[in-house]
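Novice: Which chain is which? The protein sequence lines are A and B, in order.
Following my numbering, the numbering of the first sequence begins with 1 at its first residue and continues without gaps.
Following my numbering, the numbering of the second sequence begins with 1 at its first residue and continues without gaps.
Hints are computed from structural coordinates only; laboratory data are not their basis.
Possibly wrong hints are sitting among the right ones.
To be verified - Examples of chain B residues lying across from chain A (beta carbon under 8 Å, computed):
no., residue
1, Ala13
2, Ala15
3, Ser29
4, Val35
5, Leu37
6, Val66
7, Leu102
8, Phe134
Stated by the list, open to error - These stretches of chain A come out as covered by chain B in the derived footprint (C-beta under 8 Å, 3 or more residues):
no., stretch
9, 19 to 30
10, 40 to 50
11, 58 to 65
12, 78 to 87
All C-beta atoms in this analysis are idealised placements derived from N, C-alpha and C, irrespective of residue type, glycine included.
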Amino acid sequence: MVPPGAYLLLSAVLFVLGTVGVLVRRNALIIFMAVELMLNSVNLAFVTFARQLGTVDGQVIVFFVLVVAAVEVVVGLALIVDIFRSRDSVDIDDVDLLRG
Amino acid sequence: MEWLIFVPAACLALAGGIGVIASRQPVHSALSLLVVLAALAVTYLLLAAQFIAVLQVIVYAGAIVVLFLFVIMLLHARRGEGSREKLPRQRAAAIVFGAVYLVVLAVAVLAAAGPFAQVEPDFGTAQRVGQSLFGTYVLPFELASIILLVGMIAAVVLGRRPSGEEPR
Numbered sequence: 001m002v003p004p005g006a007y008l009l010l011s012a013v014l015f016v017l018g019t020v021g022v023l024v025r026r027n028a029l030i031i032f033m034a035v036e037l038m039l040n041s042v043n044l045a046f047v048t049f050a051r052q053l054g055t056v057d058g059q060v061i062v063f064f065v066l067v068v069a070a071v072e073v074v075v076g077l078a079l080i081v082d083i084f085r086s087r088d089s090v091d092i093d094d095v096d097l098l099r100g
Numbered sequence: 001m002e003w004l005i006f007v008p009a010a011c012l013a014l015a016g017g018i019g020v021i022a023s024r025q026p027v028h029s030a031l032s033l034l035v036v037l038a039a040l041a042v043t044y045l046l047l048a049a050q051f052i053a054v055l056q057v058i059v060y061a062g063a064i065v066v067l068f069l070f071v072i073m074l075l076h077a078r079r080g081e082g083s084r085e086k087l088p089r090q091r092a093a094a095i096v097f098g099a100v101y102l103v104v105l106a107v108a109v110l111a112a113a114g115p116f117a118q119v120e121p122d123f124g125t126a127q128r129v130g131q132s133l134f135g136t137y138v139l140p141f142e143l144a145s146i147i148l149l150v151g152m153i154a155a156v157v158l159g160r161r162p163s164g165e166e167p168r
């Protein structure tokens, strides 16, 4: 029997990998995939806690996270395509008009 | 016995996660993401979340990763990244931050970990999740459909070519 701690540790490591990916990479697409990685690690934590507490609520929340993630990907990728059209690049360092 | 399934799945997920953030080509990142999603679906099965595991494969692997691959194909993204580094030492700072963050997160989640509860055999089936979804969570469920509609409209509006611009 695998204890919940093992699943939660895996989820924590995946979340940190996603965070480091967002901080280190400059290709907007890869940053986006790192965000998806973080969302998935949180989903794993939700499912683990649902199993630990014996209630199905955590799994329902994962369902909503899936919905929001799908919408987020659609809108985000549309934005990236739009930025690529106007600037011919998906490097986030090229998109700094709002920099203070 | 469960370890025999959990350890390979966890190793695959970690390898895929490193692949997502370390690949030079965006395509390799997307395929690594696919590996992570599949491995996580296996862990969901171990955690008695059959419905979520299937949903994970259909929605994430089937729709989201395919969308990523389409966009990568459309953008013919340039190889590698620009040479100039706007924030020097960002990479080292990010890795140090990541290590500290990992320790904090690990302590926090391990403090919350307890023993697994006893659950009925039908825990996590589509029926059980559906009853909760259409009972307690029916209002958020309806809101989710509005969010999906907003996303669809946003994608159409953002993807439209401004009028007057000739196609390339």
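Novice: Are there three or more residues in the stretch 19 to 30 of chain A whose C-beta lies closer than 8 Å to some C-beta of chain B?
Specialist: holds (count 10)
Novice: Less than 8 Å between beta-carbons is the criterion; does Ala13 (chain B) satisfy it with respect to chain A?
Specialist: holds, 6 Å
Novice: Double-check Leu102 (chain B) for me: the hint is only fine if its C-beta lies closer than 8 Å to a C-beta in chain A.
Specialist: holds, 4 Å
Novice: With a cut-off of 8 Å on the beta carbons, see whether Ala15 (chain B) makes it to chain A.
Specialist: Where the cut-off is 8 Å and the nearest Cβ of chain A is about 11 Å from Ala15 (chain B), the hint is violated.
Novice: Does Leu37 (chain B) pass the interface hint, meaning its C-beta sits closer than 8 Å to a C-beta of chain A?
Specialist: Constraint on Leu37 (chain B) satisfied, holds at 7 Å.
Novice: Does Ser29 (chain B) pass the interface check with chain A, least Cβ-Cβ distance below 8 Å?
Specialist: holds, 5 Å
Novice: Counting residues of the stretch 78 to 87 of chain A with a beta carbon closer than 8 Å to any beta carbon of chain B, are there 3 or more?
Specialist: holds (count 6)
Novice: Please verify that hint: Phe134 (chain B), Cβ, nearest Cβ of chain A, below 8 Å or not.
Specialist: Status violated, d = 10 Å.
Novice: Holds or violated: is there a CB of chain A closer than 8 Å to the CB of Val35 (chain B)?
Specialist: With a minimum Cβ separation of about 11 Å from chain A (threshold 8 Å), the hint on Val35 (chain B) is violated.
Novice: Take the stretch 40 to 50 of chain A, compare each residue's beta carbon with every beta carbon of chain B, and decide whether three or more fall closer than 8 Å.
Specialist: holds (count 8)
Novice: Take the shortest C-beta to C-beta distance between Val66 (chain B) and chain A; is it under 8 Å?
Specialist: Cβ of Val66 (chain B) sits 10 Å from chain A, so the hint is violated.
Novice: Do three or more residues of the stretch 58 to 65 of chain A come closer than 8 Å to chain B, measuring C-beta to C-beta?
Specialist: holds (count 5)
Against the hints set out earlier in the document, violations occur for numbers 2, 4, 6, 8.
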